[in-house]
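**Q** This is what each chain is made of:
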Amino acid sequence: EVQLLESGGGLVQPGGSLRLSCAASGFTFSSYAMSWVRQAPGKGLEWVSTISASGGNTYYADSVRGRFTISRDSSNNTLYLQMNSLRAEDTAVYYCAKKGTTMTPGNYFDYWGQGTLVTVSS
Amino acid sequence: DIQMTQSPSTLSASVGDRVTITCRASQTISSWLAWYQQKPGKAPKLLIYKASSLQSGVPLRFSGSGSGTEFTLTISSLQPDDFATYYCQQYNGYLWTFGQGTKVEIK
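From first to last, the protein sequence lines stand for chains P and Z. Under my numbering, the first residue of the first sequence is numbered 1, with each subsequent residue one higher. Under my numbering, the first residue of the second sequence is numbered 1, with each subsequent residue one higher.
Hint data in this document are derived by calculation from the structure and do not stem from the laboratory. All C-beta atoms in this analysis are idealised placements derived from N, C-alpha and C, irrespective of residue type, glycine included.
Each computed SDA-like pair below joins lysine to any residue, with the alpha-carbon atoms no more than 20 Å apart:
(1) 42/Z with 44/P
(2) 42/Z with 9/P
(3) 42/Z with 41/P
(4) 45/Z with 27/P
(5) 43/P with 7/Z
(6) 103/Z with 7/Z
(7) 39/Z with 3/P
(8) 43/P with 40/Z
(9) 42/Z with 5/P
(10) 39/Z with 117/P
Reference excerpt, derived from the structure (chain Z facing chain P, CB under 8 Å, subset only):
(11) 46
(12) 55
(13) 87
(14) 91
(15) 92
(16) 96
(17) 97
(18) 98
Simulated restraints, written as ranges between beta carbons of each label pair:
(19) 18/Z with 71/P: 39 to 47 Å
(20) 3/Z with 58/P: 22 to 30 Å
(21) 16/P with 58/Z: 39 to 47 Å
(22) 83/Z with 102/P: 33 to 41 Å
(23) 58/P with 61/Z: 33 to 41 Å
(24) 107/Z with 102/P: 37 to 45 Å
Put together the whole structure using the sequences plus the hints.
**A** Okay, structure coming up:
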């Protein structure tokens, strides 16, 4: 059974940093691209970042490029999101999500974690 | 960036109704479109990928169609468990975007 378990969310002041983790199990982690998707309170879904299966390619939404860094550790099946220079508008539930296929294009998401809440406020 | 526009934003329907949600892309995306269902406080669930392929385990009353810039999600006979918010997502290229969502409410 595929499981994705996020952690690391919490309350942080504007300008601060936070690192999210996503522990994956139940599939061959090193074979699939992984992504972060966020949802601000009461709002829709926003794709944030994707990392390729090998970790060699990373992609970011314009809203976070230069502030967030996605990475992965296939030795312990974990996805990360380093978030720096946080702003109030980054407040959201952050989901990690598994790519639905190994093919390209194919960056849809067949499994999602339960989400972790990040609140940016003074 | 490719913009995705869903209509309507809210839909009121009764159990047993046939429901159709439309998603339009600002430029052609071939068939690289997925649909998700989300219930309050829960993660999204994949329903359809590649515009019309039903994800394993999803009931047959859900179907998707379209290509290019216009797509539809149809629920053939709305069930109580289907009241939720639905999102489309395009995955053409390397910047992926969601529609703003369509909330299906009980009439």
